[in-house]
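Each protein sequence line maps, in turn, to chains A, B and C. First residue of the first sequence? That's 104 in my numbering, and the numbers climb one at a time after it. First residue of the second sequence? That's 19 in my numbering, and the numbers climb one at a time after it. First residue of the third sequence? That's 9 in my numbering, and the numbers climb one at a time after it.
Among these hints, one or two may not hold up.
[Stated by the list, open to error] A few chain A residues facing chain C, derived, Cβ under 7 Å:
| # | residue |
| --- | --- |
| 1 | VAL131 |
| 2 | PHE132 |
| 3 | SER133 |
| 4 | LEU194 |
| 5 | GLY198 |
| 6 | ASP200 |
| 7 | THR201 |
| 8 | PHE205 |
| 9 | GLY207 |
| 10 | ALA208 |
| 11 | VAL215 |
| 12 | ILE252 |
Calculated from the structure, these hints are not laboratory results. A quick note: this is a predicted structure, and the numbers were derived from the prediction, not measured. Ideal Cβ positions, reconstructed from N, Cα and C, are used throughout, including at glycine.
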Amino acid sequence: MMTFALAFAILILVLALGIWFAAVLDGVFSRQLSGHGTAGLLAPFHASAVYLTQQRLRTEAPDQLNWFLSIAGYLSVAAIGLAVVPFGPDLAVIGLDTSVVFWGACESLIVVLVFLHGWSPNSPLSLIGAYRYVAIGLPIMLPSMFVLIAVAIPAQSLDLRDIVTSQETVWNVIRQPLGLPLFLLLGLSLTLRGPFDYADSDDLAGGTSAEDSGANRAGWQVARLAMLVGFSAVASTAFLGGYLGPVLPGFVWVIIKTLVVMAIVIGLSHLLVRLPVARMLGLIWKILLPISFLDLLWAGLVALA
Amino acid sequence: MTLTAILIVAAALFGIGLFGALSQKSFVMLMMGLEMMLNGTLLAAVGFWAFTLEGAPKGQLLAILVMAVMAVELAIGFALVVAVYRKREADVIEGIGTMKQ
Amino acid sequence: MGRIGGTGMTDLLFYALSALAIWSGWRVFRVDSMIRATFALMVSFTSVGGIAVLMAADYIGVATVFMMAVEMMVMGLFMVMFMMNPAGLNPMQMVHQYKFSIAAGVLGFVGLATAVLLTNFPDNPLPENRDTLRDLGIELLGGSMLIFETAGVTLLATMVGAVALSSRRGRFGDSDAGAAPPGLHPGGEPAGRKVEKGGGHGGHGGHGGHQMNMEKTKQDSSDDPHKGHGNMSETEA
Chain A
104 MMTFALAFAI LILVLALGIW FAAVLDGVFS RQLSGHGTAG LLAPFHASAV
154 YLTQQRLRTE APDQLNWFLS IAGYLSVAAI GLAVVPFGPD LAVIGLDTSV
204 VFWGACESLI VVLVFLHGWS PNSPLSLIGA YRYVAIGLPI MLPSMFVLIA
254 VAIPAQSLDL RDIVTSQETV WNVIRQPLGL PLFLLLGLSL TLRGPFDYAD
304 SDDLAGGTSA EDSGANRAGW QVARLAMLVG FSAVASTAFL GGYLGPVLPG
354 FVWVIIKTLV VMAIVIGLSH LLVRLPVARM LGLIWKILLP ISFLDLLWAG
404 LVALA
Chain B
19 MTLTAILIVA AALFGIGLFG ALSQKSFVML MMGLEMMLNG TLLAAVGFWA
69 FTLEGAPKGQ LLAILVMAVM AVELAIGFAL VVAVYRKREA DVIEGIGTMK
119 Q
Chain C
9 MGRIGGTGMT DLLFYALSAL AIWSGWRVFR VDSMIRATFA LMVSFTSVGG
59 IAVLMAADYI GVATVFMMAV EMMVMGLFMV MFMMNPAGLN PMQMVHQYKF
109 SIAAGVLGFV GLATAVLLTN FPDNPLPENR DTLRDLGIEL LGGSMLIFET
159 AGVTLLATMV GAVALSSRRG RFGDSDAGAA PPGLHPGGEP AGRKVEKGGG
209 HGGHGGHGGH QMNMEKTKQD SSDDPHKGHG NMSETEA
């Protein structure tokens with residue numbers, strides 16, 4: 104019970120710190136690249152205060168239940184995805200044998216929730232954003248699952264705790280070099296950022312969040328950032344060794360590595376261009392998926408050698 | 019959580035699926051009825067594996083095969099729905115009653 | 009099996025998940041909004057996955073949730089494509105042989121439940137601390153590899169078949185041939201807005217339309233000041 108309480112406290116700390124850090128870094132990047140927006144350590148709090156005091160606008164005949172469920176669900180799935188990350192030896196909020204598959208289930212639920220978020224306002228641009236996202240979000244899960252299986256091969260287990268233990272000799276980013284870049288692309292897709300920002304894109308005037316206002320908008324943006332934190336924690340656990348590190352306690356290393364991965368993902372999201380949907384679809388199915396097969400093959404050959 | 023309880027839940031899911039498959043006019047809702055029946059079957063398979071097979075791995079294999087059947091049925095079913103729609107512009111079952119007297 | 013803190017908690021979770029599975033399964037066929045029906049089915053599958061996890065079939069439970077989320081997403085897209093009323097905003101009657109199917113469903117349930125209650129099942133429960141995941145892995149790629157590979161080839165054939173049946177130059181005509189919505193009754197005119205044809209016709213119609221707009225402006229400005237304003241600025245510009 105004590106370990107559960109401690110792990111839960113660390114989870115809340117990581118979420119809060121990570122969301123704030125991501126919001127600040129987002130602001131810094133937008134300011135540098137476009138001159139708009141405020142960049143400052145308290146800017147996220149100002150923005151959320153503005154959102155929370157705004158009136159919540161309604162559309163005609165929305166699906167209110169699904170609107171609420173999609174935002175709450177996105178935040179919950181982000182927190183649950185973070186909960187399988189081990190913060191120390193045997194210190195995970197949810198300790199499952201099959202955490203890799205559990206994370207995959209979280210990924211697929213995100214696609215469902217983003218679609219619901221675009222469906223519920225009963226508005227055309229939101230629905231277009233949702234459709235585009237489904238076309239891209241479903242196939243991008245495939246390379247990510249193959250990459251995670253490749254990571255699970257040297258650990259001989261689907262449990263994230265065993266995957267961290269197997270990295271005590273060398274980190275997975277070094278012995279499986281194709282893995283982390285592919286996984287970062289998944290992260291961009293899960294958090295609706297950068298080149299995979301088809302759901303909330305600017306050319307759809309905000310896409311699925313075109314009709315969000317007030318507390319709904321604040322909730323959705325916070326949920327996106329929470330997903331970024333969860334994804335970065337899983338990426339740092341699977342590829343960068345999680346809580347392994349020399350001097351500091353385990354969970355501090357998890358926080359540092361998570362923040363590093365988050366910074367990389369936020370940088371990529373502001374610096375990479377977004378392709379048209381058809382081209383991105385071709386890219387995923389014809390290039391990224393075969394590369395993930397190569398990654399899996401490489402991991403298998405190394406394990407058999 | 020006895021085997022009887024699990025099998026009664028599975029039977030209930032199967033019954034609901036049967037009702038749906040027989041009563042719905044639209045193709046897509048018909049397929050949802052079929053999926054519901056397979057849902058009940060999956061639950062029953064896992065229940066039998068846990069309570070009467072001593073955890074022999076072939077029981078889990080049966081459950082995985084049921085999931086594969088669900089995927090195959092969904093894919094081919096929707097491809098057929100699309101093909102029928104293109105040929106006959108029918109999106110409800112009454113639209114393909116060409117063999118009726 | 010008593011993995012989640014003793015049998016009391018497990019039983020409670022089992023009853024809650026079963027109730028959720030059955031209730032959401034029933035709601036699938038009762039809600040008006042098709043997207044809600046699809047995701048109610050997903051909730052039902054998720055509950056069954058949860059029950060499987062309670063029975064120590066970890067992988068099957070989580071994989072069920074994974075697969076069903078994706079399947080229901082695809083089904084939702086087809087729902088919106090093929091049903092005239094996907095959000096349930098208009099009441100529509102979408103059932104046939106209603107009483108017969110209720111009877112069939114109830115009869116099916118009663119028959120199966122009777123069979124379950126009257127049978128003596130052998131009692132070989134799952135031993136504690138059995139590594140079911142390892143067992144499944146070794147079985148899939150060991151003793152039952154033929155079955156698994158056959159399933160894999162079947163899935164490949166399914167993918168090829170689905171693409172062949174629905175590709176752009178499909179077997180049953182061009183993929184754009186059926187792009188009209190169906191009629192409101194079988195065999196009727198396609199429902200929905202009719203797009204007027206011909207660019208040249210539009211040119212002539214533009215002139216005539218212009219005149220018509222001017223007449224309409226004089227008529228409309230009396231009853232609807234907003235519309236009058238809009239039309240007048242359009243004809244002036």
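>> Tell me the hint numbers this structure goes against, listed in increasing order.
In response: Per hint list: 1, 2, 3, 4, 5 and 12 violated.
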